[in-house]
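Could you build the full structure based on these sequences and the hints that come with them?
Protein chains: 2
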Amino acid sequence: MTEGPNHFTLSCPIPIQEYPAVLLAHGGGGRLTQMLIERMFLPTFHNPALETLHDGVVLEVGGARLAFTTDSFVISPIFFPGGDIGELAVNGTVNDLAMCGARPLYLSLALILEEGFPMEDLWQVVRSVQEAAQKAEVEVVTGDTKVVDRGKGDGIFINTSGVGVIPEGVEIAPQRVCPGDVVLISGAIAVHGIAILSVREGLEFETTLESDTAPLSELVGTLLRATGPQVHMLRDPTRGGVASALNEIAASASVGIVLEEAHIPIGDEVKGACEILGLDPLYVANEGKCLAIVAKEVAETALEALRSHPLGREAAIVGRVVEEHPGTVILRSRVGGKRIVDMLSGEQLPRIC
Amino acid sequence: MTEGPNHFTLSCPIPIQEYPAVLLAHGGGGRLTQMLIERMFLPTFHNPALETLHDGVVLEVGGARLAFTTDSFVISPIFFPGGDIGELAVNGTVNDLAMCGARPLYLSLALILEEGFPMEDLWQVVRSVQEAAQKAEVEVVTGDTKVVDRGKGDGIFINTSGVGVIPEGVEIAPQRVCPGDVVLISGAIAVHGIAILSVREGLEFETTLESDTAPLSELVGTLLRATGPQVHMLRDPTRGGVASALNEIAASASVGIVLEEAHIPIGDEVKGACEILGLDPLYVANEGKCLAIVAKEVAETALEALRSHPLGREAAIVGRVVEEHPGTVILRSRVGGKRIVDMLSGEQLPRIC
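Line by line, the protein sequences give chains A and B. Residue 1 is where the first sequence starts when you use our numbering, and the numbers rise one by one after that. Residue 1 is where the second sequence starts when you use our numbering, and the numbers rise one by one after that.
None of the hints are false.
Remember, identical chains collapse to one label, so a pair may be satisfied in a single copy or spanning two.
Keeping only pairs whose Cα atoms sit at most 25 Å apart, straight-line, the calculated SDA-like set for lysine to any residue is:
hint: 1; residue 1: K135; residue 2: T44
hint: 2; residue 1: K338; residue 2: G267
hint: 3; residue 1: K135; residue 2: N47
hint: 4; residue 1: K135; residue 2: T52
hint: 5; residue 1: K152; residue 2: E115
hint: 6; residue 1: K296; residue 2: E314
hint: 7; residue 1: K135; residue 2: M40
hint: 8; residue 1: K296; residue 2: G180
No wet-lab data here; the hints were simulated from the structure.
Spelled out as structure tokens, the structure:
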């Protein structure tokens, strides 16, 4: 064993009595994921880059400002209405780069295959990766393939990491969010999560609900060109949904956020499905939507810019950043009531991405 | 389903009759891995960067020359003599960057955990990642954590991707290898593979055989400073061992390679274990060794440079590059016989990294 002295002197920062083993919720993007990040990863790897707590990291390398990000995809099922794991793996990493304000350029592709995975399925996934990469105008430039024995994986897991370049003048960071800012969303929420659940649970809808997976880099480019440095923060609300994403931002920036329920775009079918399933759509994953927090003065310009792009036609102003209740997100309901929208606790939909 | 028309019009490039499903050997670094890369990945993602077929890729971004690489680690067992999956995941990616001639700078860390994985083990792995990163002078700057349900993973899989900067004047590529060049190895071969097997098979040695996992960036830096642009190619012979690595290079550069068996450093215990197990040490994985192919004029300088570093004390000149038999590696045995050292076919040691 390689247990150095440090392994004995520094005890596990997660309370072992309470969490002796990893739970599904540790990967759910909610409170337990946050606990791992804040108590285990940040103090261990501590460095300024990591501590920005963004979807990706901004690095100065040889004079250029690069964004660098990584994401693994373990979605089940791997083929779903509106997409598959290959398309998702490209769009997910492209979007994390876009959320840093970067123009995505290069992706790596690492596959962990389970022995016995059908070769035809692998081919279909690989083709989807390439189609999605072309659509997002990125290149898959390096890769890796591992195979694990039958029963030690689940068909296919994909990791994509990405590198992009951040244009001059663009500076997206939770720390830039300040009271008075306006919160926009680029379209209807909770579509991806409900599309996946509908396959898993065999729900029937009048039309087929399809995942909203899409590359957001062009949409973000349109927004940044219209509003420039006054875009303070971008985030794609995937695991944990809009609620968890905004909670993270509120905590990082030490601000309060007030959401207007009536202004949050949501489709009727998605809304109905959420009611039947007892899910709060604010916690359901999105894969082709983007939250933008911008200076008040450019709110209308930002809205127009988003709406001018096919992926942002249903964009809306959904909230504002306030000085009060720092770290907390409040929802003002249609009838005027207020409630705290907390971070996701527990696991709502495992393996949604 | 998202099956675009392309999925139907372009059929799977791997013969489905022969390989209807993924085999362990598709991830073994030998012939079947090669087949996936050459028939499926390269034609699908085709771009000049990927086609260098190097351990990583060299990118020009914003004026800088960057190396970018990815690797997943699925080793079993995760704790082994001389290291663990965390240390391996850092060193593996650091070494891939070093093999591009780059100074490794930044790593991403993506974990796929199985529900029920002991929190204490996660903590030990995370600590190992940080200790290895410090030793290799790289920073873990971004990450991701996913959890899959019990029985759908195997404790922990790790992906690390890395970014480094390539100093001016350094140009490492299989295409630079030419007849007359000299092949060096930085130390004794087959240690990692035998160390892992010894745990799996319960072999007993007089001393504990420990994995050779180590960051090679400093060793490579020492070599490059001594010999400069006359280092043509670097490769760390991991999966598939020295034989597969040299076969890949011989094929990419369209040259022949002649190895001198008597000059290849190998420990007595490793040699004995290989004999007992019926393994050819040329195919056994290494995790802290480096092949260097250099211009003939600097061969002795390169050897001295390698030997001046603690990780290269047993370095040796082991072969030469020839014009004859392009794409083929020939081993001259101690007694003067010659045999072709082919690429690994089948799977010798699954999940060795």
